[in-house]
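Participant: Once you've looked at the hints, dock chains B, C and D with the ligands against the given chain A.
Protein chains in written order, with the working numbering: chain A, 3 to 328; chain B, 122 to 450; chain C, 12 to 338; chain D, 1173 to 1671.
It is worth saying that the hints were derived from the structure and are not from the lab. Certain hints may be false.
Under the rule of at most 25 Å between Cα atoms (straight-line distance), these lysine to any residue pairs were calculated in the SDA-like manner [unchecked claim]:
# : chain 1 : residue 1 : chain 2 : residue 2
1 : A       : K19       : C       : L157
2 : A       : K298      : B       : G219
3 : A       : K177      : A       : S200
4 : A       : K324      : B       : A279
5 : A       : K53       : C       : I45
6 : C       : K104      : B       : A424
7 : A       : K298      : B       : L283
8 : B       : K161      : A       : T175
Since this is a predicted model, take the numbers as computed values, not measurements.
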Amino acid sequence: GGEKNADSTAGTKAGGKFVIGVSNTLAGNGWREEMICAVKAESVASGVVSKVIAVSKNGGPTDQIQDLQSLISQGVNAIVVNPADRDKLNPVIEEAIAQGIVVVAVDSPVSAKGAYVAVNDQKAWGKLTAEWLFKQMGGTGKVLYMRGIEGVPADSDRHAGVKEALATYSGITVKEVWTGWDYTKAGEIAVQELSSGSYQGVWTSGTDYTVVNAIQTAGIKPIPVTGQETNAFIGQLINGAPGAVTTNPAIIGGVGAHVAIEALQGKKPNLQTILTPKVLDATTGKADLQAAYDPKLDQLYSSTFSIDGLTTFTRSQLTSCKGPGE
Amino acid sequence: MTAEIALTTPTQRLSHYISHRPVIALLGVLTVLFIVTGMKDPALFTTQGIRSTLLLACPLAILAACQTVCMLTGGIDLSSTMIANFAAYIAANNSGAGPVVSLGFAFLVGAAVGAANGIGIGVFKVNPLIMTIGMSSVLVGIVTVGIVGDGFLSGSTALLPLVKTLGSATLFGPIPMSTIVLAALSLLIIFGLSRTGIGRLIYATGDNESAVRLAGTRSWRVLLVVYTIAGLLAALGGLMFSGISGSVGPDQTNSYLLPSVAAAIIGGTSILGGTGGFAGTIVGAFILTVLNRLLTGLETTDAVRQIIYGIIVLTLAWFYVRITGQRTD
Amino acid sequence: MIAINPGVPTLTRLRRRHGWLAGVIVLFVVLLIIRASQVPTFGGFGLRTVFAGSLALAFLAMSQAIVVISGGINMAVGALMVFTNCLCASLMKDQSLPACIGITVVGLLASVLISTLMGWITTVSGVPDIVVTLAASFIIAGAAFLVLPTPGGGIAPDLQPLLVGGFSNPVPAIILLTLVLAGIWWPFKRSRWGIATYAIGSNRSAAYLSGVNVRITRIRTYALSGLFVGFAGVVTTAFTGGGEPRAAIGSAALLTSVAAVVLGGVAISGGTGGLVGPVFAALVLGLIPPLMLGLGWDPNLAQVASGVILILVVLFGGLLQIRRRAS
Amino acid sequence: MAQELLQATGIAKQYGSVIALRNANLSIHPGESHALLGANGAGKSTFVKILTGVINSSAGQLSVDSVATCFSSPAQARQAGIASVFQDPALVSDLTVAQNLRLTGTPRAGFARALDDLGITGFDPGEQIADISLPFLRMFDLARALAHQPRLLVLDEITAALPTDLADRVFDSMRRHTAAGGSVLFISHRLEEIIEHCGRCTVFRDGRDVATFVPREGGESRIVQSMLGDSAGLVREEARRSSVSFDGVKPQLEVRSVAAGEQLADVSFAVRPGEVVAVVALEGQGQDTLFEGIAGAQKFDSGEVLIGGNPLSASHPAKAIARGVAFVPSDRAHALLPQRPISENLALPLFRRTRTWGPIPQKTVSAKVTRTVERLSIDTRAASQARRLSGGNQQKLTIGRWLTAGFDTLLLFDPTRGIDIGTKHQIYDLIRDIADEGAAVLMYTSELREVNLVADRAVVLYRGRMVAELAADVGDEALLSAAHGFTNTHSHSGKGATS
Ligand SMILES: Nc1ncnc2c1ncn2[C@@H]1O[C@H](COP(=O)(O)OP(=O)(O)OP(=O)(O)O)[C@@H](O)[C@H]1O
Ligand SMILES: Nc1ncnc2c1ncn2[C@@H]1O[C@H](COP(=O)(O)OP(=O)(O)OP(=O)(O)O)[C@@H](O)[C@H]1O
Ligand SMILES: [Mg+2]
Ligand SMILES: [Mg+2]
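Next comes chain A alone, as it looks inside the complex (with noise of 0.2 Å):
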């Protein structure tokens, strides 16, 4: 009954706008809200959607499932879903695409037939940051591999790309470690690993900054550290910490929110919108670097604003956070 569904939504009740749901899994992160924020600023850009009801709600496949439920009997017209897992949420996905809801899945992928995806090239992600980081080593030592959480589909596609650059990389050992995305606990535990093992380079899954500091903690001399366009990283690598910079914008967000609108408006976008990610460090990327960096914004705030063709929003609709009548 997906026609008489889409009907009778809040959304037409709004005079022909549209009701846009988010679900993410881990509320608080800095990377994700700023995601959930490029939702809200495409929005309101598009100026058709009335309302973005937005679940950021710290857990697994299993609440995003209820997650993904409340969203669907709350009658929204599209879903734009940061995935906890490649599969487990197909059911309940595909029963919303049966009911005549857009879902894109964003910044992750997942395996539903219907199901648009806006994601970040993760695997080559992966390898990219995973090559720059074992040049520098000179491809050999020891890497804490500082990973995300285990059996999200980002993760694990970066660790496929990961795994590519390790097979040419003969001489590079890794000593696997989950962060959970959770910047205080990787510093934690980076400060712990570091301290007790020798390592000559560190991998995040975008736990970046507060590894830095971890080395200053543990007291060890710099070694190389490779992450996301995280504001505060991308500070310290101006000073001159030594490490590389991959891109993975969080307004992949906004991305989503784009494909939606223009599913919901019947122009066909593509199922698959894929960003190819790009490495800047302090020698080949300065410019660009010094260009993202912002000492006004949050130090968690990922520095990319605008991706041509695919965001419309301005940087300040973005930063304020606001969504259609917030």
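Facilitator: Only chains B, C and D with the ligands this time, still in chain A's reference frame:
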């Protein structure tokens, strides 16, 4: 005739000796563990190794202090880690306003939540477990709501330089600043528990609340004070923990909840109240920290680490029951 | 002949004995109606969301309630649920329906076994059960990681609807709950074993003087608790179609189980209450987040709500006590 | 002679440092009702618990039909035909009557019949135990025991909480039971009951059986004789009294017609500085309520308490203590800090004021403590934990605590219960010294001898009313009969026989 005279066999004498001075036995355990770990991972004996041990034991010991004072009264504080996280966020949010305001707010929040626990437990006789579980659930909600979107905690997450210094800077050689904080705190708590009126009443309340009442003390006042202190300690623990990584997280210390209780139990404080002390708890915290390092060195998974934690806590608790002969059933 | 002083009138007795339960059920119905009014179309889908979504927590509440009734507390229910979930998921991956049903039984047995072991350790060691179960929760959470190192595993697709129902079909979940309550709990409650469980929770020495074997009864209680936890684990597997070894799930679930028990009318001091109350309490707690969403509030406020409810319920009891002492 | 139904020889029981039973011997014929007598703490209940498999003895030999047996649980004893009504109720209050019957596997029909025989109607199996008044609970307990048709029925102070009419029904059922060939072991502090209803009696004293005879022949005096014993040989037994006369002295503690629920009605008396007044009463005549009420541990319904002439409205012990009223409760377990050292136990009241919660003035406090330890000659070998002390030394702590803190009025509830004779006399002297130093002392004692030994006056309670006010030296028999409500003799004041 008294139990003392009845102590005939060496084992009895030993167990009696230990049951009165668990700290000494624990220090033995710690030393052995330290040496074993060091042989596995010589870096431990370096300045770096000792320093990191001190550094990582500090927040655990402080959170364990919070459990110790509560457990001595026969209670427990399962909201301590959420208080810690909350306070850390408050401090970070207000870091712009300078140390006094920022820390002031953080400790105020800690004390307020603690006092709420104390009133519930002391005045309304709410079971400590329930009270603090409920409180922790409330705090989880408040903190999450606060940090998502433009919530009231969504402000700066930058850490106060002072906190960062206390949490991670070095005083000299292998001694980090945090050790000084811990040392000062330990002296305060140990003195407070053994040499002040409230300390006596804390033990007495845990041992026999009706005796305290019949002796003319309004025991709810004792509990109010205890849980307020616990709140303050939790807040401090949260700040020190943030100091290590120079950041704050909504559930940063949650993985420390069970270990903090474990440290107190290992340290010989009875969860039924009346016996134990902070000296043992500190050693307990160090034992867990060194153990953690040993397991890290052994490249074990979190899984194995947790299992070993559990087994050790259970064994020691059982051991204490055996030597003190205080079964509960 | 002298007659016993006219005892409590039947109505009063009914109110005292079942009043709270009735209250919780009414609360649930009211919330359900409110929720229904919030959304455009509330049919089978909405109902299924409520029942299947809270099913695991309902079973967990039962497992906690039985231990609390016997005068104890079980801090390991959450971890044990995660363990059973992971065990089932890892064994069920790519298995046929019959095999999966067999594995379900294995999962239940494992849970019962572990829980019984905890009970045994508690009684022989004399260590307070809160400490034993707390320590056990570390161990079990670790074991969960060992049986299922990364989230995943699976379950026979046709077993899922049998346990938790397909979308828009709340019936199986309701049937499963009723079956367990009617098939296991009600007979047990009426049996001598059940009465003994209440007795040791109410007054251990009186129970002992009446010839109750306290140790065996406590161990038996943990065994039953384990069985209910097992159901929670199995249901979780069916609901997500896999397993997830995150310890955080366990600790969160533990808090909810205690909240549900207290809200369900089981005195934390033991000896009173039942399992139906906690079940409905779990459903109520499960309803709060979507309600908040419907009101346009942050669903995370549900955490605050359940915490406050938990405290208020117990605090209310405390007030009554003080009142009684005063009079 | 006929084969004994039950034969107990050399039964002993030790609880840690407390010796509950030293060497108890008892034999019960088939078809007799046998009384077991003894002062509080003589070991009666302990003996019963061993007999019925609740606890196992440290030493001794039990045989039923001259077959050596040893019960490991009450259920086992019940199967062997020994059913008992314990001193503390064994009905689970959260359960219904029916459920309690299920626990003991008692046939409901048999229970109903037993109740019917006891002449009690209108019982409802669905009733919750918590809703049933104590007297009827005792009857239910009895009916449950009878329903098992035991060969030996053990009744531990069942009549203590019963009004006469119900008590009579108990005796009727005892008679029926013995007539049917069963035996009864009957424990009570009410001598007239025993004389009237028991064929033989055995008297315990300090954990030993001291005499077995026919109560009707022996009579009250013989019973009292052997209960009290002549411990004259052990320690000098000179009575100490206040030398000064109290005429015209303003009372320090004055109780004006206080009442509380069923327990207490219209009790008035006064205690003057330097005076020791003893409250004499059988078990459960309201004395506990009286003491706890004065001490602020519970509230009176009506009446008032005056301290030094000013009314004291004590809603919390702190209020009373602040007015210099110190209370030593009956049960040590309520006052002791079992896991804490002697010093902390003795110093506890010093920290009741929040203003004293700061650093402890070590010197002064330890000086006070040491003084108390010396004055009471407390055994400090086991100083590290109070629970390791002997019962006597534990009792010294609960009294000594107030010597450390200071007081003007001292309430002692059975201060010598279950303590050895030597310590008892130390405590007598202490009480007298305290009084001579000007404090007013009100003490309840279950040992009549003590009245004459330490008190100046005696106040007798019976069924919650004050039935007599006697001089301390009227003699044990007079006191005992007054305590049993026979107030026609020796009654000085007009207060007598109001009930
Ligand atoms: N569980 C226990 N632990 C330690 N001491 C105990 C325990 N039970 C009894 N006692 C002590 O054993 C002694 C005998 O107790 P018991 O109850 O048998 O006396 P009783 O003759 O029944 O007294 P009453 O007439 O007051 O009932 C008392 O000194 C009592 O304090
Ligand atoms: N001599 C007295 N006459 C009448 N009332 C008194 C007297 N001494 C104390 N009180 C009252 O008794 C109560 C307890 O007094 P106390 O001095 O013990 O204070 P506390 O409550 O024990 O300690 P703090 O008030 O310092 O916390 C107070 O209400 C006090 O006003
Ligand atoms: Mg007795
Ligand atoms: Mg005051």
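Participant: Are the Cα positions of K298 (chain A) and G219 (chain B) separated by 25 Å at most?
Facilitator: 17 Å, holds
Participant: So if I understand the rule, the pair passes when the alpha-carbon distance is 25 Å or less; does K177 (chain A) with S200 (chain A) pass?
Facilitator: 11 Å, holds
Participant: Is the straight-line distance between the alpha-carbon of K53 (chain A) and that of I45 (chain C) 25 Å or less?
Facilitator: The hint holds at about 22 Å.
Participant: Could you grab the alpha-carbon distance between K104 (chain C) and A424 (chain B) and see if it respects the 25 Å cut-off?
Facilitator: 22 Å, holds
Participant: Is the straight-line distance between the alpha-carbon of K324 (chain A) and that of A279 (chain B) 25 Å or less?
Facilitator: 23 Å, holds
Participant: Compare the distance between the alpha carbons of K298 (chain A) and L283 (chain B) with 25 Å, and conclude whether the hinted pair is satisfied.
Facilitator: Within the cut-off at roughly 20 Å; holds.
Participant: Can the restraint linking K161 (chain B) and T175 (chain A) be considered satisfied, given a maximum Cα separation of 25 Å?
Facilitator: Distance ~20 Å between K161 (chain B) and T175 (chain A) Cα, so the pair holds.
Participant: Against the 25 Å threshold, does the CA-CA distance of K19 (chain A) and L157 (chain C) hold or violate the hint?
Facilitator: 50 Å, violated
The structure fails to meet hint 1 from the earlier list, while all remaining hints are met.
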